Amino acid sequence: MTELTNLTVAGIRDGFRNGDFTAREVAEGFIGQVEGARALNAFIIETPDHAIAAAEAADRGRAVGEFGALSGVPMGIKDLFCTEGYQTTAASHILEGFVPTYESTVTAKLFGAGAGMLGKLNMDQFAMGSSNETSAFGNVISPWRRNNGDGAALAPGGSSGGSSAAIAARLCPAATGTDTGGSIRQPAAFTGISGIKPTYGRCSRWGIVAFASSLDQAGPMARDVRDCAILLEVMTGFDPRDSTSLDLPVPNWQAALSGDLKGKRIGIPKEYRVDGMPPEIEALWQQGIAWMKDAGAEIVDVSLPHTKYALPAYYIIAPAEASSNLARYDGVRYGQRELPDGAGLQDMYAATRAAGFGDEVKRRIMIGTYVLSAGYYDAYYTQAQKVRALIARDFEQAWTKCDMLLTPTAPSAAFGLGEKQADPIAMYLNDVFTVPASLAGLPAMSVPAGLDSQGLPLGLQIIGKPLDEQGVLDAGLAIEERAGFTARAGKWW
Amino acid sequence: MSNYRIQGATGEWEVVIGLEVHAQITSNAKLFSGASTRFGNEPNANVSLVDAAMPGMLPVLNRECVRQAVRTGMAIDAQINKWSRFDRKNYFYADLPQGYQISQLYHPIVGEGSLLIDADEKAGIPEPKTIGVERIHIEQDAGKLMHDQHPTRSYVDLNRCGVALMEIVSRPDMSSPAEAGAYIRKLRSILRYVGSCDGNMEEGSMRADVNVSVRRAGEELGTRTETKNVNSVRFVMQAIEYEAGRQVDVLEAGGKIVQETRLFDPDKAVTRSMRSKEDAHDYRYFPDPDLLPLELEDSFLVDCRASLPELPDAKRARYRDALGISAYAADVITADVETARWFETLLAAGAEAKAGANWLTSELFGALNRLGRTISDCPVSPVQAAQLLALVADGTLSGSLAKQVFEIMLESGEDPAKIVDERGMKQTSDTGAIEAVIAGILAANADKVEQYKGGKEALFGFFVGQTMKAMAGKANPKVVNDLLKKALEA
Amino acid sequence: MSVDSATVRKIASLARIAVSDAEAEALAPELSKILGLVEQLSEVDTTGIAPLAAVVPNHLRLRDDVVTDGDIRDKILKNAPQAEHGFFAVPKVIE
Ligand SMILES: [Mg+2]
Ligand SMILES: [Zn+2]
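From first to last, the protein sequence lines are chains A, B and C.
396 is the number of the first residue of the first sequence in the numbering used here; add one for each residue after it.
1365 is the number of the first residue of the second sequence in the numbering used here; add one for each residue after it.
468 is the number of the first residue of the third sequence in the numbering used here; add one for each residue after it.
I should point out that these hints are in silico values taken from the structure, not numbers from a laboratory.
None of the values given here were measured: they were computed from a predicted structure.
All residues carry an ideal CB built from backbone N, CA and C; glycine is no exception.
Don't take every hint at face value.
[Unchecked claim] Lysine to aspartate or glutamate pairs mimicking DMTMM-like chemistry, simulated, CA-CA at most 25 Å apart: (1) C:K542 <-> B:E1406; (2) C:K545 <-> A:D742; (3) A:K665 <-> C:E506; (4) B:K1453 <-> A:D742; (5) C:K545 <-> A:D444; (6) C:K545 <-> A:E733; (7) B:K1679 <-> B:E1702.
[What the hints assert, rightly or not] Some chain A residues near chain B, calculated using beta-carbon distances under 8 Å: (8) S499; (9) R723; (10) L740; (11) Y776; (12) K796.
Turn these sequences into a full structure, and let the hints steer you where they fit.
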């Protein structure tokens, strides 16, 4: 059944409808792949029962001519999504054993459309990280290796690193991701897959473990742009349970998808040309510009003058929100409790949180606590939100000159596990190109565009106007059609 | 200015008081979740996933809570902020599952307003006084901790957690316990008129944080303490009295007042330091990123204003000026919305205003006091009371008969007409019958008739009493008077 | 701004995360480095700029005052490390 596991979401959906195979065959194929790839540590738990039950329901539906948009499609679910009856940990010890009694809006929509769940995907703890090295359940290993034969274990990117690794290794055709500062786009770029973060407010945040509420946004990760469009249509939509949800109809992105960019203006922001960026990435960017022209687009130079302040603003706002969002993990209502002998309530909190949170999570909670604390609030938080307003304004001004922006997704290809762990700042710099769009709530996607000299995937990023997912997907498709990216990781696991 | 002073060993001290009243907003569902606000349910029954701060749960604001806060602001002529925002107040406690309270620090929904406390000579408030209200903001209530159910554990009940509160923050404009008491009573009265809070202090629907400082006359404000969650008017007054006295003692002994949070012990009527909250003062407020700014539309504000009832001060003035009701009765009747509502139903059922007001403040209140009841569980309806007053007005019942009928109404709940009918309690103006009785009485008391005629006119009352007694109280007193005079002068 | 280990202990205490002296010692330079990164913001002129209030233009929607939730005590207590008699249980709190 391995050829079934090479199919895209559209391929599975169509083949299943045509009667080429059963949903159960597809599910079993992927379950086999998952079981055979434990060396990648992409899953925190495997849930074959869920995938099989969904497949059987799809097969029964087909017998009476009923199809959901995702009937017969098994998926991986990032462990940040609360799944009813299945442990949800956010890759943290503090939530170990937590079994939600509710289903997140996004997963409910996916399952309602017929998708099944192969398992809960590993990730950076509480989505804080860019390499998947902060998970309490061990690193995810990228299926990719350098072509120099060093056999070094590489990072799949983060925080949705289980998602990216699993898709790249064909353990699932698609997965959910979440993106706070680049957590869909950067891992997609590292593993040669596609991923889109829609406009803030398109996907409901209800039932997704919160990292930074004003930035968190779910989105699909898959092998190609069309699959992203298919999944995005299911995942998005108004949810009255999320006050920041956009009350707008979901466009039919898939039907309108077109790689023809005639009449479109693509902006090239000069501030994204950063010091020390590898020439290969610069070259790929130039190649992307050529592809855009080839697709009929006009190229314009634009300036986003506050770009260099995006990362500092992000590292105030995201930790500030996180320090508050993560206060609920206190060992009282769910998750792990640490109760030293004779401990009072406050001691229990401190012990529980010390034992339950990983180092990076603690670091960010402390930064967030510090910048909000008495006397520092205005200098840090208020200033960061003002700079954020300036960053949003930069984009608005750019939109007077262009319809979309083209940039590299990340300043480097995948790095080795352990290489950047010692220096948090070096790790944070990974998100330098993805964070600005997050701060401004803009739709943005990464598509695979080529390989570097070490044989590792590189991605290009499209950033669109608010609500213009269509433009982003179209430009993504234009790249995809021209890049002809077919490389995949050789199986070593 | 109140002349309340504390006599210290070294001289006189003034007291400066500000109150932060937490009033539970009347609503069916909680501020940010769909769970019920009902009082007294099983533990953790009125709790949603949002209230328990389960991972990924999000707040959605209840329109009614916003409406009630706005109406309350309008009732105290406050500035209504069309743009407000919710902030998170971060601290760790077992009654606070989110680890933060959603409140409004930077941009409250209601700004500056004021209310008028009434003069109360006896309480040392010589004239009405305006107390400033700095702001009203909306926030979540916390859950409840039970400390006495287990030797080593506290139990957490989240039923109250997330219930909507208004925090009504006064200016430090009060200068005696009596003024603070009057302020809370007036505020409670307004909230109950508006319908934004039931004012039930026993159930915790209203409680006050009491800020107290002392100073020598004319000096700058002193350091204040905040005594938390005091839940009756009497306790608020006691807490101020104790706390002001304590502060004077500390200062006169050369000590300093520590700005701190204190707790009131109602059994001993003292306040004491609340150490458990001491390290929690850095609340790290910031705008709640799960919520957007709250923007109020003009139409919403128009609806809020249109739905406001006549408020106690306006009603009292109208009762006095337009209805001619005595100042005393107008005060008593308008103090609580239930009484005013009862009274207005009485008028609507045909009672005359002055007679109705007098009857209500004397007869009805006397009866309720005796029975230990309130106007909301009064056994006699205002319509029945209007019928009773009509029977007096048309001469069917004398004052004393009316009292008797009212007693029977209180016990039986029956209509007055029925009681009068069945028990033959009608007052009689039948001159023939009365003349016959009078003739008999004058005959049996010939000596007294002589004395009367000889100038001892005080005996007239004796003849009236005898006649009424013989008529079992049912004779119309005016007719008796007239006929007696005629008979004695004959 | 560089933070010392005493400041780290203070922040950790506010955040209710127990840290040993050695951990506080190790965290101080890490946090200082991150603060060094974010302090670049002070060079941005933000005069007259309002802090961002909503990421994407959107209105706060209000919910009707209807009871739609609750009566799910079993679900509420299901994951509790310690629940007794319908309550969550915590170490005794002295107020
Ligand atoms: Mg207070
Ligand atoms: Zn309050």
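Inset, instruction - Identify every previously stated hint that the structure contradicts and give their numbers, smallest first. - result: 12
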